[in-house]
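> Here are the chains, one letter per residue:
There are 2 protein chains.
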Amino acid sequence: MRLSRYFLPLLKETPKEAEIVSHQLMLRAGMIKQQAAGSYSWLPLGFKVLNKIIRIIEEEQNRSGAVQLLMPTIQSADLWKESGRYDAYGKEMLRLEDRHEREMLFGPTNEEMITDIFRTYVKSYKDLPLNLYHIQWKFRDEVRPRFGTMRSREFLMKDAYSFDLDEAGATQAFYRMFVAYLRTFHRMGLVGVPMRADAGPIGGDLSYEFHVLAETGESAVFLDKRLVDKPIPAIDTDFRSDLTSIFKDWTSLFAATDEMTDEAGFKAAVEPEHQLAARGIEVGHIFFFGTKYSKPMKATVTSQEGQAVEVQMGSYGIGPTRLVPAIIEASHDDAGIIWPVSVAPFEAVVINLKVGDAESDRASERLYDNLTREGIDVLLDDRDQGAGGKFAAADLIGIPYQLIVGPRGLKDGVVEIKHRKSGERETLSIEEAVGRLKSLIVPQRRDSV
Amino acid sequence: MRLSRYFLPLLKETPKEAEIVSHQLMLRAGMIKQQAAGSYSWLPLGFKVLNKIIRIIEEEQNRSGAVQLLMPTIQSADLWKESGRYDAYGKEMLRLEDRHEREMLFGPTNEEMITDIFRTYVKSYKDLPLNLYHIQWKFRDEVRPRFGTMRSREFLMKDAYSFDLDEAGATQAFYRMFVAYLRTFHRMGLVGVPMRADAGPIGGDLSYEFHVLAETGESAVFLDKRLVDKPIPAIDTDFRSDLTSIFKDWTSLFAATDEMTDEAGFKAAVEPEHQLAARGIEVGHIFFFGTKYSKPMKATVTSQEGQAVEVQMGSYGIGPTRLVPAIIEASHDDAGIIWPVSVAPFEAVVINLKVGDAESDRASERLYDNLTREGIDVLLDDRDQGAGGKFAAADLIGIPYQLIVGPRGLKDGVVEIKHRKSGERETLSIEEAVGRLKSLIVPQRRDSV
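Chain order of the listed sequences is A and B. For the first sequence, this note's numbering assigns the number 1 to the initial residue and increments by one for each residue that follows. For the second sequence, this note's numbering assigns the number 450 to the initial residue and increments by one for each residue that follows.
FYI, nobody ran anything at the bench for these hints, they're computed from the structure. If a hint is listed, it holds; no wrong ones were tucked in.
Cross-link-like lysine-lysine pairs, in silico, DSSO-like; alpha carbons within 27 Å at most:
{"hint": "1", "chain 1": "A", "residue 1": "Lys390", "chain 2": "B", "residue 2": "Lys572"}
{"hint": "2", "chain 1": "B", "residue 1": "Lys697", "chain 2": "B", "residue 2": "Lys679"}
{"hint": "3", "chain 1": "A", "residue 1": "Lys126", "chain 2": "B", "residue 2": "Lys803"}
{"hint": "4", "chain 1": "A", "residue 1": "Lys48", "chain 2": "B", "residue 2": "Lys575"}
{"hint": "5", "chain 1": "A", "residue 1": "Lys16", "chain 2": "B", "residue 2": "Lys572"}
{"hint": "6", "chain 1": "A", "residue 1": "Lys298", "chain 2": "B", "residue 2": "Lys461"}
Given these sequences and hints, build the entire structure.
The following block contains the structure:
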């Protein structure tokens, strides 16, 4: 992409309304624009990051055996009356009436609708296990939306729903999502730690939140620090096999938010040398809830013995529009965002220091073309602007590698690569530049898969 | 994808509520489920087709220089009061109030919001031309939604908006979309004919609808039949160049819906041997409207002479959720859907005629693995069912190539390929099958790009 033909409205000043660093940086980097309280447009740079996050989520959901579909945003109130949640949900639900005065709502979640889809088509235990997911806009009318897309009213959610004949099956379904989530967050360059969460009236131990560690996180979290470097399940994990041991292995180490433990409990449970008190951002929640919806909504299958059995269900959420700021909270410095390669809006930026200089233009264009041809997702800063502004912009929007091309270096046949994260700089010949960038970028992509 | 692990709820009976063939087939093929009047879930097979259509639209929009972003579904009423459309829009607009009793609405279109984005950031003629688009759910509360996703209330729309300094620039922006649309519909296997449409109070000749020719189309269309086979602009069309000649070339041949002409006018305008009276489905509309929104909303840029100039705008819509049934209307037979390769949910299906037979299972699995490895998007019918049901299912869901594997053929080392469209069958050795399928499928993909 040529920056001169792109739409990247960078802000010089930090907007006053933004309280946290990710919100500030997303506004300054031209990633989002507020449209109403808790409602945002995703400008091109932000949209591109959001899409890369969505692709990773989809790949890991599909790998685990979940099947993607798409439910509408507007739902009929009737389904919610069947489950009993229409009255219970309160003011967070955005209720509306259509022209025929039928009661409708903007879906805050989809347990009812997916249960309706299930009961319409699935009749036999032979069609289980089944896990259906979608990625769709939700609306929750929070009293005080804030922190940009970290806590917005209209937000994107990946919600998966598992259906099993019995609790043993549902437990394995839960473990599959547990493993998929470990892989998902890791691929985005995050440390995503599963933490036992409140299971509500259902009880049991199948309710886990995933928290990303970030100094600016909203909740206090307490964990065994060995969880931070724990190798995640490999790409060839067999999701058809029994995953109990992976789940046990991960959950045998202590990890809890301040809602589930206090410092005293934490210090009693973990040896001093392994204690890590940190801050976390909740980015996912996986949850088994048995027959909570299948019972009132009569979602049954015929068992092998010919009996009607209410299916055992679980739900599994990830917030893509929240992951964008979460990654920024976990990875930035004073100059701006530092994207991991896997979710970076562009993997590299070619900075033409002197637009209008024939040599500099020619070299920049050639490098841009060659990088594009090698499959690198690259931005060309071809704006007629000073070098200082270009460096600041590249740092702000957080592109992992900057390829700096200017008349001075070209005289000696060299260009410079700046690593955004480490600040490291390499001077190398024009001929070497594309190969070097490829050798830096491709392994990070591969590690992330 | 293994069908045994997929979610493909096929219906035996044609649902009574479905009046047109695409609606019937989409329900029977397990592509959609109605959730409320004019509101549908996209089940996995339908979702996959929808996504392939979206990818083609995105590729052609990007190629033409348009830049993608994403605006929210819920909009504040304030913007619509600025443009004057809040009162004018009537009952089709889904209006609602949030918990603080602020007036909101579910966006039926986005002229106001994109103009707001533009005026917030763009101040100079130097930042023009600009074309911003998004693909987002819209809601129009039609009195009588019908024909499935052909005319639903919640539907997906690609809407692009161009911004130019003057009418000459806006005209070229219009031509770029004109060319992008020709390419977009062609790549989906459709004959998409541009037809002069009512320009409304703006006047001028920059309002074109694109109609897909299909026997079951909703409107009568009259055209010069040379438009049907007219070669579309090539992939290497330079969208930075003057596109007037392409536009003139296409629009010099007669094409109009019955809203813009009648049979007498048509017969007077076109020589008898070139006359084609047919049926069409509107799948896109491109439209220049000047300063209709920039004027009331004060979207101006500073011109080269330092003056504030209201920008010249156009809007460009395509309905992906309508294209799915439109393609089916244009391409089906008594047995079911016939997908063009470019939008087929799967490019090929391996039909294992005898699940449980060791030889048949082994050969099917190996062919499935090899096709997957070769990058073919393939479905494996590994359900424990009779051959008749499998053949009927493969025909119904319209997969372009069926690879039929059974014990009888395997005894002689052969399998069979059935071409869905022509019905043609080839018997060939197992070793040849993968290469043959690849040689059938890949060129169709390439032609489509």
